[in-house]
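Protein chains: 2
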Amino acid sequence: MKASLDCIPCLFRQALDSARMFSADPALHERILRDVLGWCKDMDMSKPAPVMGQRIHRRLREITGVEDPYLSAKVHQNRLAMRMLPGLRDILRTGKNRLSLAARLAIAGNIIDMGAAGDTTLSGVRKAVRQAVKEPLIGNFSAFSRAVKKSTSILYVSDNAGEIVFDRLLIEELGPQRVTLAVRGFPVLNDAVMADARAAGLHKIVKVIDNGSDAPGTVLEETSPGFNAVFKNADLVIAKGQGNFETLSESPRPVYFLFKAKCPIIAARAGVKIGAQVLAISAILKKVREQNIR
Amino acid sequence: MKASLDCIPCLFRQALDSARMFSADPALHERILRDVLGWCKDMDMSKPAPVMGQRIHRRLREITGVEDPYLSAKVHQNRLAMRMLPGLRDILRTGKNRLSLAARLAIAGNIIDMGAAGDTTLSGVRKAVRQAVKEPLIGNFSAFSRAVKKSTSILYVSDNAGEIVFDRLLIEELGPQRVTLAVRGFPVLNDAVMADARAAGLHKIVKVIDNGSDAPGTVLEETSPGFNAVFKNADLVIAKGQGNFETLSESPRPVYFLFKAKCPIIAARAGVKIGAQVLAISAILKKVREQNIR
Numbered sequence: 001m002k003a004s005l006d007c008i009p010c011l012f013r014q015a016l017d018s019a020r021m022f023s024a025d026p027a028l029h030e031r032i033l034r035d036v037l038g039w040c041k042d043m044d045m046s047k048p049a050p051v052m053g054q055r056i057h058r059r060l061r062e063i064t065g066v067e068d069p070y071l072s073a074k075v076h077q078n079r080l081a082m083r084m085l086p087g088l089r090d091i092l093r094t095g096k097n098r099l100s101l102a103a104r105l106a107i108a109g110n111i112i113d114m115g116a117a118g119d120t121t122l123s124g125v126r127k128a129v130r131q132a133v134k135e136p137l138i139g140n141f142s143a144f145s146r147a148v149k150k151s152t153s154i155l156y157v158s159d160n161a162g163e164i165v166f167d168r169l170l171i172e173e174l175g176p177q178r179v180t181l182a183v184r185g186f187p188v189l190n191d192a193v194m195a196d197a198r199a200a201g202l203h204k205i206v207k208v209i210d211n212g213s214d215a216p217g218t219v220l221e222e223t224s225p226g227f228n229a230v231f232k233n234a235d236l237v238i239a240k241g242q243g244n245f246e247t248l249s250e251s252p253r254p255v256y257f258l259f260k261a262k263c264p265i266i267a268a269r270a271g272v273k274i275g276a277q278v279l280a281i282s283a284i285l286k287k288v289r290e291q292n293i294r
Numbered sequence: 001m002k003a004s005l006d007c008i009p010c011l012f013r014q015a016l017d018s019a020r021m022f023s024a025d026p027a028l029h030e031r032i033l034r035d036v037l038g039w040c041k042d043m044d045m046s047k048p049a050p051v052m053g054q055r056i057h058r059r060l061r062e063i064t065g066v067e068d069p070y071l072s073a074k075v076h077q078n079r080l081a082m083r084m085l086p087g088l089r090d091i092l093r094t095g096k097n098r099l100s101l102a103a104r105l106a107i108a109g110n111i112i113d114m115g116a117a118g119d120t121t122l123s124g125v126r127k128a129v130r131q132a133v134k135e136p137l138i139g140n141f142s143a144f145s146r147a148v149k150k151s152t153s154i155l156y157v158s159d160n161a162g163e164i165v166f167d168r169l170l171i172e173e174l175g176p177q178r179v180t181l182a183v184r185g186f187p188v189l190n191d192a193v194m195a196d197a198r199a200a201g202l203h204k205i206v207k208v209i210d211n212g213s214d215a216p217g218t219v220l221e222e223t224s225p226g227f228n229a230v231f232k233n234a235d236l237v238i239a240k241g242q243g244n245f246e247t248l249s250e251s252p253r254p255v256y257f258l259f260k261a262k263c264p265i266i267a268a269r270a271g272v273k274i275g276a277q278v279l280a281i282s283a284i285l286k287k288v289r290e291q292n293i294r
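Top line first, the protein sequences correspond to chains A and B. Reminder that position 177 of the first sequence reads as 177 in the numbering used here, one-by-one numbering, no gaps. Reminder that position 199 of the second sequence reads as 199 in the numbering used here, one-by-one numbering, no gaps.
Warning: the hint list may mix true and false statements.
A pair holds if it fits inside one copy or across any two, identical chains being indistinguishable in the list.
Claimed, not checked - Straight-line distance between alpha carbons at most 27 Å, and here's what the computed DSS-like set of lysine-lysine pairs gives: (1) Lys232 - Lys41; (2) Lys207 - Lys47; (3) Lys273 - Lys262; (4) Lys41 - Lys127; (5) Lys273 - Lys127; (6) Lys273 - Lys96; (7) Lys149 - Lys286.
No lab work stands behind these hints: they were computed from the structure.
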């Protein structure tokens, strides 16, 4: 999904928020902002917005020498979610359709996003959980459910720290023995890396791989050959969060996306309202389905 | 008040909104945005944000050849406010302190802002009126009231179309015979020009002058000698709206500002919460008052 002009003001807002995470020096914030303005002038608008975010974060690391200013936030988010985990398991036990409820709870965890319009507070996360219990999943759940049933290998592309604990519920429901979990290769925003998979105890139940990239999404031109092989060969790919949707919605293979629509542009693209719990499908899958209907 | 780094993403948001008012052509929207990005890189951050807004709108007019895409919106806003005027007069009659209530109602009209975070809908304006009736004016009203009493000449610097109808209530309360009303010299956003003062019937009760400038605020280096003479010599200057506060808060003479704090940066500068009905004073007046207290 290529960036919209509306992404530009939002990316500047995020660049400024991020600059303030990297450093307390207002002179540096100004330098970053002018730097980003300079690039943006000639930016390739056919690329997805997370590619731009990736570039901003690379520059922030380069200028400040700081590797991961989101580390303590991620540790906190994992702890917060781990404390909620027993209660979430109780909720899941009450579900009529456990796969659907587990998917909705995994989406609830997607509120823990330090990129755009997320909410990392306990009350914000609790609100998302209440929504998961009450509100439906928007999308073709029966197609997803069929795809899950017939797959022997599933790649689960995670999104954020904290959220990855919520993902554990869905991964357990899918059956860990057939799941490979992918995390980002390097820190960017509060996106989950290997340490976060470990904090959620996921390394004990599934194979965890990193994608070798520092993009806040999945940019296949940049991810590692190892990741790309799993991505290509898995029977089913499930990708979490807006960044993965933006970067993989036109990918060469079918992908199912689970996310909370937090951005108006992405919500419009997915054909849902802001705040919706979305099960979206990639363009190629949409095409196949339309051909089958004809 | 110099621009904050936080003004940059917001100015881009506004530039994009404005570009869409000027033209329906996405290629033009992109051209404008890249153009603005190019300037901003080397922008003088010591200038107030409305100077940047002025530059964006000049460029939009230059590229599109369109003089005033906000004209029909302004006509609509004046009509909406004129229909509310009898009801507003009824409300004013019930006020214990008519000057304070008239000031609050004039501030309620400041919600009609197409620049930043305004609300031009009937329900939005009605909500602002209910707030004007219920909530206090934040600021030193007794000092303002004293200044009004002892002044024989008052310059009233208006802000937006629609809002200018609400200003009429306060101008009538101040006594039209001693008031000169200033409007912008040229169209920019929905800022009030001579036609809007006429639509509110103000040309029949006060002397109306235009300031000769196309800034969405009052940039004294650019306003006409005629306006500047009135600005310098009036016993009291009252300026409406955030744009006038941003451009005149460090002006060489005392100014009283009346506005609704819609932007978090301006609210913080004025020391109030977002949404507050503010009576602020210029830096020079603040200094005089502090010296008197010592």
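Structure-based check of each hint:
In this homomeric assembly, Lys232 and Lys41 never come within 27 Å of each other (Cα to Cα): the closest approach is 35 Å inside a single copy and 42 Å across copies. Proximity of Lys207 and Lys47 under a CA criterion of 27 Å is satisfied in neither setting, with 31 Å inside one chain copy and 55 Å between copies. Proximity of Lys273 to Lys262 under the C-alpha cut-off of 27 Å is found in both arrangements, the shortest distances being 9 Å within a copy and 26 Å between copies. Within a single copy, Lys41 and Lys127 get their C-alpha atoms no closer than 39 Å, and across copies no closer than 40 Å, so neither meets the 27 Å cut-off.
For a Cα distance limit of 27 Å, the shortest separation of Lys273 from Lys127 qualifies both inside one copy, at 17 Å, and across copies, at 25 Å. Taking the shortest alpha-carbon separations for Lys273 and Lys96, only the intra-copy value of 25 Å comes in at or below 27 Å, while the best inter-copy value is 46 Å. For the homomeric pair Lys149 and Lys286, the shortest alpha-carbon distance inside one copy (19 Å) is at most 27 Å, but the shortest distance between copies (71 Å) is not.
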